[in-house]
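Colleague: Take a look at the letters that make up each chain.
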Amino acid sequence: MKISKEDVIHVAYLARLELDEAAVEKFSYQIGTILDYVDTLNRLDTTGVSSTSHAIFLTNAFRDDEIRKHLDLELALSNAPEKDDGIFRVPRVIG
Amino acid sequence: MKLYELTISQAAALLSLRQLTSQELTRAVLERIHAVEDRVGAFITLNDELAMAQAGIADKTLSEGRGTTLTGIPLAIKDLICTQGVRTTCASRILENFIPPYDATVIQKLKTAGAVLVGKANMDEFAMGSTTENSAFKTTHNPWDLSRIPGGSSGGSAAAVAADMCLGSLGSDTGGSIRQPASHCGVVGMKPTYGRVSRFGLVAFASSLDQIGPIAKDTRDCALLMNAISGHDPQDSTSVPEPVPDYTRFLDGDIKGLVAGIPKEYHASGGIDPEVAEAVNRAIQTLQDLGVRCVDVSLPHTEYAVAAYYVIAPCEASSNLARYDGVKYGYRDKTAGTLMEMYRNTRSKGFGPEVQRRIILGTYSLSAGYYDAYYGKASQVRTLIMDDFAKAFQHCDILLSPVAPTPAFAIGDNTDDPLTMYLSDVFTLSANLAGIPGMSVPCGFSTKGLPIGLQLMGPHFSEGNLLKAAYHFEQTTDFHKKKAIL
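Note that the protein sequences, when read in sequence, are chains A and B. Mapping of the first sequence onto the working numbering: residues 1 to 95, in sequence order. Mapping of the second sequence onto the working numbering: residues 1 to 486, in sequence order.
Worth flagging that the hints you see were computed from the coordinates, not collected in a lab. There could be a bad hint or two in this list.
Stated by the list, open to error - The following label-pair restraints were derived from C-beta to C-beta distances:
no.	chain 1	residue 1	chain 2	residue 2	range
1	B	Met340	A	Gly48	50 to 56 Å
2	A	Asp72	B	Glu96	22 to 28 Å
3	A	Ile67	B	Arg39	50 to 56 Å
Stated by the list, open to error - Pairs of lysine-lysine, BS3-like flavour, derived with a Cα cap of 27 Å:
no.	chain 1	residue 1	chain 2	residue 2
4	B	Lys60	B	Lys138
5	A	Lys5	A	Lys26
6	B	Lys328	B	Lys349
7	B	Lys391	A	Lys26
8	B	Lys391	B	Lys256
9	B	Lys349	B	Lys334
10	B	Lys256	B	Lys483
11	B	Lys391	B	Lys138
12	B	Lys2	B	Lys481
13	B	Lys391	B	Lys481
14	B	Lys448	B	Lys481
15	B	Lys138	B	Lys448
16	B	Lys483	B	Lys448
17	B	Lys349	A	Lys5
18	B	Lys334	B	Lys448
19	B	Lys256	A	Lys69
20	B	Lys2	B	Lys482
21	B	Lys256	B	Lys60
22	A	Lys83	B	Lys349
23	A	Lys83	B	Lys334
24	B	Lys483	B	Lys2
25	B	Lys328	A	Lys69
26	A	Lys2	A	Lys26
27	B	Lys482	B	Lys448
28	B	Lys111	A	Lys69
29	A	Lys26	B	Lys481
30	A	Lys83	B	Lys328
C-beta atoms are modelled at their ideal positions from N, C-alpha and C, and glycine is treated no differently.
The shape of chain B in the complex, shown without the other chains:
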C-alpha cells in the first residue's frame, strides 16, 4: 500500500507509533498530487513549502507525545474557507487575489489539532453549481472517468480524496454540495446539522442553508473530522451550543432495532437511473440484513423542494454577494469614472454567468411586488418541508434514499440548461431547507464503473446514528475500498 492511500485512522496509528513521520506522509501526498493533478484538476492553490513546514511542526509535536488524531495528517480545504495568508478565491475572478487576514474557525481548529493543509480545492464559483464546471479557473475531472464531472460544488474536495491527493478534506453543503460530489466520486461525505459547525470564515452563499462538513475515505475518518470541526463558536451566532460527542464512539454501537424510513417520494421519482435505484435498494436490503428495521414513510412536499430552494438560496445569495463592490477587497475595475460605473463594471467582470443569474433571480424575487409571491411563499413551503421530516421522524430514526438521480455525467452535458441542472439536486436540497444532517456513503457502481452513493438523513443532531449505520454498512461491503485507477 502506498502512503498516500492510507486513511486518516491508519496514518494516525503509524504516526503515533513513530513508524511514519508526517514529513514522509506529506511528501508522498504532494508527490501524488503532482503526478495526477494535470488530469484531475482538483486544486486552485497548492503550497508545498507551507505544507512541509506544517508537517515538520507536526513531527515535533508527535515526537513530544502531544499529538492528536489529526496531527500531521494532510488535508485539502474547499477554496471558500478562509485561510490566513493563503489565497481564498471561491473559484471566482472577483476574489482571485484575496488573501484572508484571518482563519475560519474550522481552520483554527484543524491547525490547533496539528493537521497539514496541502491546498485549496476547486469548486463551482461561490459554491453555485453541481458539477464544478462553474469554476472561473479550471475544470475538475472525476477520477473514476476523467471525461465526467466530479459533482459539485465541492468537486475538488471530493475528487482530491478519491484520487488520494489528501487523506480527507473539508467541503461546504448548501443544497447537496458535499453529499453529491462524494456520491459521484465514491467517497464519504457529511453535511452536519445546521449550526453544528461554525460558519465563521466560510464565504457566505446562502446563510440559512450553508454548512461546512467533511469528505473522507471512510466513515471512521468522517467521524474523526467531525470531532475536530464541530462545536459552538461565539463568532458565529447561528452555531448551536450543543455538546460535541466523540463521534467515533457511535460507530460500533448496535444497529439492531434502528428504524430506517424509506421515503416513497425519493424512490418513486421518474428520473432515477435504474442502476442507481438498484444499488440503493440493495444497500437498504444489506442494512435490513444487519438488523435495521425498514418502514415506509412519506415526505409529501418533496416535489416542491427544488422550487422553494431555488427561490430561497438565490435570495440569500443576492444579499450576501452585495458585499463584492470593488472597495474593500477583491477585484476592482479601474477603467470606471464614477462610483456607480465602478460597482457595475467590477461585479459584471468579476462574477461568472451562473453567479450573475442567481443574483438576478434573487434580486427579482425580493423586489417590490414580487417578495410575497416568491420569497414569502417559498419560506412557507420550507415550513411544510420541515414538518414533513418532523412527522417522518416520529416513525423512524434515519431516512435512506439515493443522493443523486444518476451517476456522474459527461463534462459539458448540462452547462446551458440551468433548470435541468437544478432538478438533479432533488434528493439533497430538503436536508438544507430543514437544517438536518445528511450523509453519502458509497453503495455500488454502475456498469460503466461509476460510483453510486446512498444518502442517510436524520433529525437535528443525529449525526451519530448516521455514522453508525454507515459504518456497519461499510463493514459488510467493500465499495469504499475500491480505488479509481489513474
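So that you can see chain A by itself, here it is in the shape it has in the complex:
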C-alpha cells in the first residue's frame, strides 16, 4: 500500500489525532487509493512550471500600524472550555 499503517499512525500523531486500529486500517487503504490516483499528476512534465498558491494577483495588503477596536477580553474567552481570571486553562504542562 502507498501509505503504510505505521505512516498513518505517525501522521495522525503529527496532526494530533488518536486513531483506533480499525480507523488506521481503513485510512491506510482509503488514503492509499487516493494517493495512487494523485500519482496521475506524474504523467505531466512540470519542469520549469511555476507554482500557484493563490489564484488572484494581489500584492501585500498593508495598513498603518495603529491600535484599532479589538475583541473584548470577556467575549474572547466566552467560548473557552475552561477559563480562569482572564486566561485559558489547559492541563498542567510542567510537572
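Starting from the known structure of chain A, arrange chain B on it as the hints suggest.
Modeller: What follows is chain B alone, placed relative to chain A:
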C-alpha cells in the same frame, strides 16, 4: 401563490409598496419551515423569535421609507458563516456549542441591508463532502426526492431554497459546494470570483479556494444577493479592491454576440449520465437560438484537476484545522491527563471521519520528504489549469458545461468510497483552482424528475456576463419555476 413561494424581487416589491409586511412574510416562511423540516432536514439551528424580531425592525425601517431590496427578506445561512450570538457549528461536534462573538462581514452586510436571518443551514462537516451526509447532526433530504442527497456541501442552503423554507441563502464553495447542490436541488447558485466576497468570519476549510456565494430561486435574486455581499473588506486581506457593479443591470443586456466556449473535456467525459448530457446540450442550443455564438475550446489539463485539488485542499485544511485544540473554543475532552492527550482526544472525538481523513491526507502530503512530490507538484499543475482557462478565454466570454455528471443519487450510495465521491466533483473543482466565477442554473429534469443544472464559468470578475446569459436562458425556459412537491 403562497407567501413563502415569492422570490426576493417579488417580495421586495410588495414590501416596499406596504402590501406585505416582513412579519407576515417571515411568519409564513417559519410556518413553512416547521411544516416540512421533519422531511427535508435543512437546518441545524432555527431561531424563530430572533427572526420575528428582525422582521419587526425591518417593518419599521420599511414604514419609514428607508428599506433596501433585502429589507425584511427571510434568508438562510450556511452554518459555517459566523453569526454573533447564534450558534455556528460547521456541522461538527467540535464546534457544537460555539457561539461566535462577532458577525462575518457578509452577515454584517445582510443585517445592515435589513435582511431577516431565519436559521443556520446544514452542510457537510467543515464543508468537506458533496452530499451533506457528512454532517455530524442530521441528513438533509433532496426536496425533489426525499430518498436522495441534496448535494453538498451547501446541501441545507440549497434544499432550503428549493423547499421554500427561505427566499434565498448563502453557501460557500471550495470545490463546487454551491453549484453542485444548486444543480441537484433545481435552484440558482453562484460561486463568485475568489476575493469578490469577504471571507472574514467564514470558518476556513481551504483558504485559497473558499468563497461565499448566493443560492436563489432565480437569477435576478442571485444578482440581488451578489449586490449585497460583494466588495473589498479590510478584514480579509485576500479580498479584492475591485468596484462592485449593480449586478441586476447586466440581466437585460444584449447577449447577441456573446461567445460561449464548449470545453470538449467537459462533454466527452465517459462518466456523464446521458440525461444530463442531453439537458445540457439542449440548453446550449437554447442559448445559441438566443444569439450566443458557440465555439469549441479545450481545457487539456481537466483530467488532472481532481488529483491536484485533492492534494491542495486537504493540505490547506490540515493547516487550517490545527486551530481546533480544545483550548480557545469548541469541544474539549476533559478526561485527558496531559496536554498532548487532551489535544488528541479532543480532535479525535470532535472531528468526523471525512475530516480526519482529509487532515491525515493533507498532513502526509505536506510532511518532510513528500512535500515536493505532492503539494509542490499539485501547485504546479494548478498553474497549468489556470493557463488552460486563460487560453480558452482568448476565444470566448463564458464556458458552458454540466455541473455534476449525474443527477442526485440515493442517500447512502457513496458513503464508503471517498475516491469515487471526489471524482464526481470533476466539473466544478477547476473554477476554484483558477479562482474564476461559476454558476449553476436549472436546465432540465431527468425522467425520474430530478433537476439538472447548467454550469456557466467566466474570467475573473465576469459575474455580470454569467448572470446575463443565465437570465436570458431563464426568460425562455421554465425549469427554475418548477417546484418540488412536498
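Colleague: Decide, hint by hint, whether the structure agrees.
Modeller: Evaluated hints:
no.: 1; hint: B:Met340 / A:Gly48: 50 to 56 Å; verdict: violated (43 Å)
no.: 2; hint: A:Asp72 / B:Glu96: 22 to 28 Å; verdict: holds (24 Å)
no.: 3; hint: A:Ile67 / B:Arg39: 50 to 56 Å; verdict: holds (52 Å)
no.: 4; hint: B:Lys60 / B:Lys138; verdict: violated (36 Å)
no.: 5; hint: A:Lys5 / A:Lys26; verdict: holds (9 Å)
no.: 6; hint: B:Lys328 / B:Lys349; verdict: holds (17 Å)
no.: 7; hint: B:Lys391 / A:Lys26; verdict: violated (42 Å)
no.: 8; hint: B:Lys391 / B:Lys256; verdict: holds (22 Å)
no.: 9; hint: B:Lys349 / B:Lys334; verdict: holds (11 Å)
no.: 10; hint: B:Lys256 / B:Lys483; verdict: violated (30 Å)
no.: 11; hint: B:Lys391 / B:Lys138; verdict: violated (43 Å)
no.: 12; hint: B:Lys2 / B:Lys481; verdict: holds (14 Å)
no.: 13; hint: B:Lys391 / B:Lys481; verdict: violated (36 Å)
no.: 14; hint: B:Lys448 / B:Lys481; verdict: holds (18 Å)
no.: 15; hint: B:Lys138 / B:Lys448; verdict: holds (25 Å)
no.: 16; hint: B:Lys483 / B:Lys448; verdict: holds (15 Å)
no.: 17; hint: B:Lys349 / A:Lys5; verdict: holds (20 Å)
no.: 18; hint: B:Lys334 / B:Lys448; verdict: violated (50 Å)
no.: 19; hint: B:Lys256 / A:Lys69; verdict: violated (50 Å)
no.: 20; hint: B:Lys2 / B:Lys482; verdict: holds (14 Å)
no.: 21; hint: B:Lys256 / B:Lys60; verdict: violated (44 Å)
no.: 22; hint: A:Lys83 / B:Lys349; verdict: holds (21 Å)
no.: 23; hint: A:Lys83 / B:Lys334; verdict: holds (13 Å)
no.: 24; hint: B:Lys483 / B:Lys2; verdict: holds (12 Å)
no.: 25; hint: B:Lys328 / A:Lys69; verdict: holds (20 Å)
no.: 26; hint: A:Lys2 / A:Lys26; verdict: holds (13 Å)
no.: 27; hint: B:Lys482 / B:Lys448; verdict: holds (14 Å)
no.: 28; hint: B:Lys111 / A:Lys69; verdict: holds (20 Å)
no.: 29; hint: A:Lys26 / B:Lys481; verdict: violated (44 Å)
no.: 30; hint: A:Lys83 / B:Lys328; verdict: holds (9 Å)
Violated hints, listed in ascending order, are 1, 4, 7, 10, 11, 13, 18, 19, 21, 29; each of the other numbered hints is respected by the structure.
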